[in-house]
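Protein sequence lines correspond, in order, to chains A and B. Counting with numbering that gives the first Met the number 0, you get residues 0 to 277 for the letters of the first sequence. Counting with numbering that gives the first Met the number 0, you get residues 0 to 284 for the letters of the second sequence.
Hint data in this document are derived by calculation from the structure and do not stem from the laboratory. Quick reminder that beta carbons are idealized off the backbone N, C-alpha and C, glycines included. One or more hints might be untrue.
Heads up, incomplete: computed chain B residues facing chain A, CB under 8 Å, no partners named [what the hints assert, rightly or not]:
id	residue
1	F17
2	I20
3	A22
4	F29
5	L31
6	Y93
7	I240
8	G259
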Amino acid sequence: MRIPPKYTQATAVTILGGATVLTIVILVFIIFFILEKGLPVISLNFLTSNPQEMGKAGGIFPTLIGTILLPLLAIIIATPLGVFTSVYLSEYTKETKITRVIRFGTDCLAGIPSIIFGLFGYIFFVIALGMGWSILSGGLTLAVMVLPTIIRTSEEAIRAVPKSYREVSFSLGATSWQTVKKVILPNALPGIVTGIMLSIGRSIGETAAVIFTAGSSLRIPSSLFDSTRTMAVHFYILAREGISAENAYGTAATLILAVLLVNLSAYWIMNRFISKRS
Amino acid sequence: MKLVGEKTVKGILGTIAFSAISALLLIALFILNEGLPFIFKYGVREFLFSSDWQPHLNKFGIFPMIAASLWVTLGAMIVGAPLGVAVALFLSEYVPQAVMRIIKPTIELLAAIPSVVYGFIGVMVLAPIIRNSFGGPGLSLLAGSIILGIMILPTVISISIDSILAVPQSFREGSLALGATTWQTIHMVIIKASKSGIIASIILGLGRAIGETMAVIMVAGNSVNIPTSPFNSVRTLTANIALEMSYATGLHRQALFATGVILFIVIIILNSIASVAIKKRTIKK
Numbered sequence: 000m001r002i003p004p005k006y007t008q009a010t011a012v013t014i015l016g017g018a019t020v021l022t023i024v025i026l027v028f029i030i031f032f033i034l035e036k037g038l039p040v041i042s043l044n045f046l047t048s049n050p051q052e053m054g055k056a057g058g059i060f061p062t063l064i065g066t067i068l069l070p071l072l073a074i075i076i077a078t079p080l081g082v083f084t085s086v087y088l089s090e091y092t093k094e095t096k097i098t099r100v101i102r103f104g105t106d107c108l109a110g111i112p113s114i115i116f117g118l119f120g121y122i123f124f125v126i127a128l129g130m131g132w133s134i135l136s137g138g139l140t141l142a143v144m145v146l147p148t149i150i151r152t153s154e155e156a157i158r159a160v161p162k163s164y165r166e167v168s169f170s171l172g173a174t175s176w177q178t179v180k181k182v183i184l185p186n187a188l189p190g191i192v193t194g195i196m197l198s199i200g201r202s203i204g205e206t207a208a209v210i211f212t213a214g215s216s217l218r219i220p221s222s223l224f225d226s227t228r229t230m231a232v233h234f235y236i237l238a239r240e241g242i243s244a245e246n247a248y249g250t251a252a253t254l255i256l257a258v259l260l261v262n263l264s265a266y267w268i269m270n271r272f273i274s275k276r277s
Numbered sequence: 000m001k002l003v004g005e006k007t008v009k010g011i012l013g014t015i016a017f018s019a020i021s022a023l024l025l026i027a028l029f030i031l032n033e034g035l036p037f038i039f040k041y042g043v044r045e046f047l048f049s050s051d052w053q054p055h056l057n058k059f060g061i062f063p064m065i066a067a068s069l070w071v072t073l074g075a076m077i078v079g080a081p082l083g084v085a086v087a088l089f090l091s092e093y094v095p096q097a098v099m100r101i102i103k104p105t106i107e108l109l110a111a112i113p114s115v116v117y118g119f120i121g122v123m124v125l126a127p128i129i130r131n132s133f134g135g136p137g138l139s140l141l142a143g144s145i146i147l148g149i150m151i152l153p154t155v156i157s158i159s160i161d162s163i164l165a166v167p168q169s170f171r172e173g174s175l176a177l178g179a180t181t182w183q184t185i186h187m188v189i190i191k192a193s194k195s196g197i198i199a200s201i202i203l204g205l206g207r208a209i210g211e212t213m214a215v216i217m218v219a220g221n222s223v224n225i226p227t228s229p230f231n232s233v234r235t236l237t238a239n240i241a242l243e244m245s246y247a248t249g250l251h252r253q254a255l256f257a258t259g260v261i262l263f264i265v266i267i268i269l270n271s272i273a274s275v276a277i278k279k280r281t282i283k284k
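Pulled out of the complex, with its shape left as it was, chain B reads as follows:
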């Protein structure tokens, strides 16, 4: 009786263990099934590289949104990556462990703040500042980049800290014993040893920035155009989906799912790169 029970339990647990991967496959299946046929029917080149997005005329070119997503994400990286890595280095190398244990969870609260709240702060605080100092509408590529840059901080910081702390203590001691300062130890030893983890943290941040929706809708302005300056109003891929999904039907809705397909593929590629980078770190360790 007991033996049979054990086997049954193992069988049940083994089945449940596939829930996450099944969910992922189900998501892939349904998004691809809804979007891919449209892409092939409409033409891959026409869909990706045409700038003509006029759903009421059945014109579905998403190039302006691709450009906007890339620029906003690049901007978020410029804001968030150096800041995040700097914080991670400071917390793990200059601050006593006890203090870090208080500051790290505090900073991780940034991840808990809902994205609509970030968007709202962007609208109420950041956009007026940009409007008053540089002109333009304020709701812009720049505003989106800054808000997203802040939103990716917790991702960059916690994963970087994990990989920096994984550097063996003896590396630090060796460097300090040779008379190096903490900074020399950081840039000659620590950064080199934790490079792949730091890169992984930035890639995961990149994935988060590209996929963020609500905050970007609120602060980036949402006009469909290829940005020529940071003060332009832009619409990202994610914003395009969320803005039009509520009323889209037929071909238009399929086009939005097709936009989702592009996003999905980009995210899976980024995650795969990051997971390889993190694995490299663990193997080296």
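In isolation and in its complexed conformation, chain A is listed as follows:
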């Protein structure tokens, strides 16, 4: 009872191809479902007015501010740490036990669930360092969370810079740091920017790590020590507490648009980078 290869081949194509189509359909469905119900809610007024009755009516203006500030702060902190880590790993040292430990640490950090980051941010930044529920606590927590992404993408980008570039720079008498500054970083920039964009995307959509560190105040923050509410947290509260389905859809659609915009620009930058290379 051997099935002829011709049939197994046809069956395999159908099943594997079907799985691929199914996956794409799920993705498209999720995006369209949210946009279809949410886009009609979005208006200039929705984006620029304050929420009323805990978000039952009115707009989402303060959450836009929170959604911009937290990822921005996270990136400002994590980018230099991540980029310089990858510069050190790829330019200043050989593969040793120490670099293996650093890499393992980075991988582990990347796999830690956001609720653990939330717990850590709460006990460390909010309580131990006395920062309270604030933009600062939230931004620092997110910075730790996106650090591995920035390290990995930067390292890939730096390793992709051709060896000859370094050799030319060294042969002109440049030091390692001059080579890094003038040759390697400029050439790796698109890859590094891609990593930053992906990190911003992840920060925008993050909820569990933010809600316990930045709190959920709907007031417009006046300093880094004020609590804030991001769009993702606002959407979660609206949806879970059944405050307003309409505003929940509007917030979700704004959230999805923001995340898609950030991620698509990341791919766009990466593609231009790749086509320039080859």
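Given chain A, work out where chain B should sit, using these hints.
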């Protein structure tokens, strides 16, 4: 002057390079410090294997949450792993490279969708379907498994594709030259050669499923009970932390951190296994 500068730079970079590992150690330290004393005071067995979770009576048994986390994760694997590996095989073996370069990033957008949005889709779309076709509350173990199964797809797909593409082209050519079909090549050559990478992708997906919080809170129902059917409402370890953290104090809060300790340990073990599997692949290559 310049030489000193170079050395200083190297020193500074070398210090910065420890930022990620320091962050990891700091996280471990603070979570363990807050949770471990509680576990030992309360009793490891009592904490892990008692089903009595009543914070107001100082009863903290997390067994129902452990069971729920395991079942939901297993369900997510059943949904996500075969689907993800199938997509990875199709994209890397049947589809031209140029097409794959468009479809892969598109599918990776699944990773960009915030988990609260997945949860919301689960509540609005999936739960009613389950409720109407099987009865029960709809917000259930099954709903959680399906949503998590979808959420782990990008992890499984991209890491599997990387390891499948790392199989030398000559292996494929050899197999095809012997008259094998693409499918025969896949299941006799490709899967064998990229096995450890595919397994690593599934383990990393597993880690993601166990750690996911917001989506699970929204779709799994959150009742503390040991599930007896896929249509039961369940509460996972992560959901337990997130649901009660906002108002917990004292012993109760320590118990939640202790739940975090268990989660942290499980995740570190899974990641270590995955990183060994991935390393095995690179060495073999």
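Hints, one by one, checked against the model:
1. Hint status for F17 of chain B relative to chain A: holds, with the closest Cβ pair at about 7 Å, below 8 Å.
2. This hint holds: I20 of chain B has a C-beta 3 Å from the nearest C-beta of chain A, less than the 8 Å allowed.
3. At about 5 Å, the closest approach between the beta carbon of A22 of chain B and any beta carbon in chain A falls short of 8 Å, and the interface hint on this residue holds.
4. At about 5 Å, the closest approach between the beta carbon of F29 of chain B and any beta carbon in chain A falls short of 8 Å, and the interface hint on this residue holds.
5. Hint status for L31 of chain B relative to chain A: violated, with the closest Cβ pair at about 11 Å, above 8 Å.
6. Taking 8 Å as the C-beta cut-off, the interface hint given for Y93 of chain B holds, the closest approach to chain A being about 6 Å.
7. Below 8 Å, beta-carbon pairs count as interface contacts, and I240 of chain B has one with chain A at about 6 Å; its hint therefore holds.
8. Checking G259 of chain B against chain A by beta carbon gives a least distance of about 5 Å; that is within 8 Å, so the hint holds.
Taken one by one, the earlier hints fail for this structure only at number 5.
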